[in-house]
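Trainee: Starting from the given sequences, assemble the full structure and let the hints guide the process.
2 protein chains.
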Amino acid sequence: MTGIITLAHGSGGKTTNDLIKNIFLKHFRNDIILKSDDAATFNLSGKLAFTTDSFVITPVFFKGGNIGKLAVCGTVNDLAALGAKPLYLSCGFIIEEGLPFDELEAIVEAMGKTAKECGVKIVTGDTKVVQKNAADKIFINTSGIGIIEDGLNISGSGAKAGDRIIITGTVGDHGCSILLEREKLEISADIMSDCAPLNLMLEKISDKFKEIHVMRDPTRGGVAATLNEIAAQSGVGIKLYEDRIPVKDQVRGVCELLGMDPLYMANEGKMLMFVPEISAESIVNELRQNKEGVDACIIGEVINEPKGRVIINTITGGNRIVDMPVADQLPRIC
Amino acid sequence: MTGIITLAHGSGGKTTNDLIKNIFLKHFRNDIILKSDDAATFNLSGKLAFTTDSFVITPVFFKGGNIGKLAVCGTVNDLAALGAKPLYLSCGFIIEEGLPFDELEAIVEAMGKTAKECGVKIVTGDTKVVQKNAADKIFINTSGIGIIEDGLNISGSGAKAGDRIIITGTVGDHGCSILLEREKLEISADIMSDCAPLNLMLEKISDKFKEIHVMRDPTRGGVAATLNEIAAQSGVGIKLYEDRIPVKDQVRGVCELLGMDPLYMANEGKMLMFVPEISAESIVNELRQNKEGVDACIIGEVINEPKGRVIINTITGGNRIVDMPVADQLPRIC
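First to last, the sequence lines map onto chains S and Z.
For the first sequence, position 149 (counting from the first letter as 1) is numbered 137 according to this note's numbering, and the numbering increases by one without interruption.
For the second sequence, position 118 (counting from the first letter as 1) is numbered 106 according to this note's numbering, and the numbering increases by one without interruption.
Worth double-checking, as some hints may not be accurate.
Note: identical chains are not told apart, hence a pair may lie in one copy or across any two.
What the hints assert, rightly or not - Straight line, CA to CA, 27 angstroms or less: simulated DSSO-like cross-link-like pairs of lysine-lysine: (1) LYS35 with LYS109; (2) LYS104 with LYS295; (3) LYS120 with LYS172; (4) LYS35 with LYS23; (5) LYS279 with LYS236; (6) LYS35 with LYS104; (7) LYS51 with LYS35; (8) LYS295 with LYS14; (9) LYS109 with LYS236; (10) LYS23 with LYS198; (11) LYS295 with LYS51; (12) LYS2 with LYS227; (13) LYS295 with LYS9.
To be clear, the hints were calculated from the coordinates, so they are not data collected in a lab.
Mentor: The following block contains the structure:
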């Protein structure tokens, strides 16, 4: 498709309707969106999870994905983090006038494809267009509804002393990949974003192991920010073992070169899981059966003191505090 | 509160958490948001409605409201249009670096206040910050979940020949007010946006009158675009009587001066309702008991032919076609 987005595409008139038909419905086709009015309708009963995320990443296209794939994965993973099966997504587009149709379609196509892979339906949407320089290419909001199965009780406040902390794979891939894309650094590292939906893998785990205390995806602020949040929310201490944290050699290399810490770099296809010691090894083995979980491992444990703090046992044998970051190393990472 | 938003406020670190605590939780306080993790959780059973809308209006503050009030009203009204009782909202903020805290707080305060008035809870949110000139002050996405009571079956495809078409008040107020604000026109008209939540008024109507065929709020593209959509979706014709369409004198004056048509101007606190002839007068009388419905009246009816077309019987006695607008008269109206 050739052409560009104009202000008329956000007008709510005929031009908007053509855009919806030719691009959005083409890739999001499902039984609910086709009969949608100003809202989608469906029957649902139980304990629901509801979340929202806006995506403003730059660049819009990156190794391992684009803003559309990221927008579906991000919201799906937030639902999965509470043990919810993601069912329905909304999408809100804010587009800068002048965006080429083919770029928009590539983004929308990635959303449709990723949604299909995860088993979620994009059921309602909205499109706004703003003038040149009033936005940066495209921003996408996805909100999502999922259903939580009986027996699961996963929350950031659920960590208990003795819990083992699992990471489902290597740390820092997304942040490092975006950094390289953006800064056009002359480093010949072939690092891809880990951007991926985790819900299907995690559903397999929660079907077998009902007792999962906490799950959270370490996105903005990385593992460091996420673990600090959980330590504060649960009122516990967290001890990490630096030598057990999986980091790809290339990511480690880039981080050392630039003075960045992979623990503070964003991930978009990883989950931190807090589980009882007794099932930790079995969960890791189960995770490793999945392509998103091959590098899963136990990286630490929950301790009683110091409450609200994350301590790391370093490779050189010392202990240091892993602080909550004040700001991110890299803005607009998601 | 003094100061401005910086990129650190969107980092997911300590600065973000402070912003959430000091501004968002202060105004959105409720039992669910306070225990929210990456998603809010609640129990719900029945036929649900789910919708999303992004707001990019400029200027952000206008007579009769601001982008925050609009963001709550818009999504609440989209749910109410399907006869759903709005329950839960999400909010996603995209903020341009440099926005003063006091402006953000005024917007968030309006959201909290409006949500309270409508009886909805803002239960989950997200904040992103982009650099100067990568967005225009602030964009807000709200998504919403509502529950549809048994017995209601309201949809854009439900219009039937013979139905009477009600508008709940005067037409064009929002569009006209924004036009005046934006263009700094030297017109001394005191026109306010009609931005208002309609759910409580409409719930009273649907409690008494179960047979409502269509409801839709005529926002972008105005009454003209909305009626054209309904005519197409229901496969019917629509006949309007120009002399019955309520337009404030000042709005009519400004429109005549500028060559605009109030039928194509956005409304943010009005609903179009398609109802059986037999109950139309009673519904209008009931609507008029409410402050958002004092100017309610019947403006037209559904006819068999020409299908998919909106015809207006003009004041001068002729008939003309009211076309679907190709683009809006005014971009970024919501």
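Trainee: Of the numbered hints stated earlier in the document, which are not met by this structure?
Mentor: As far as the earlier hints go, 2, 7, 9 and 11 are violated by this structure, in ascending order.
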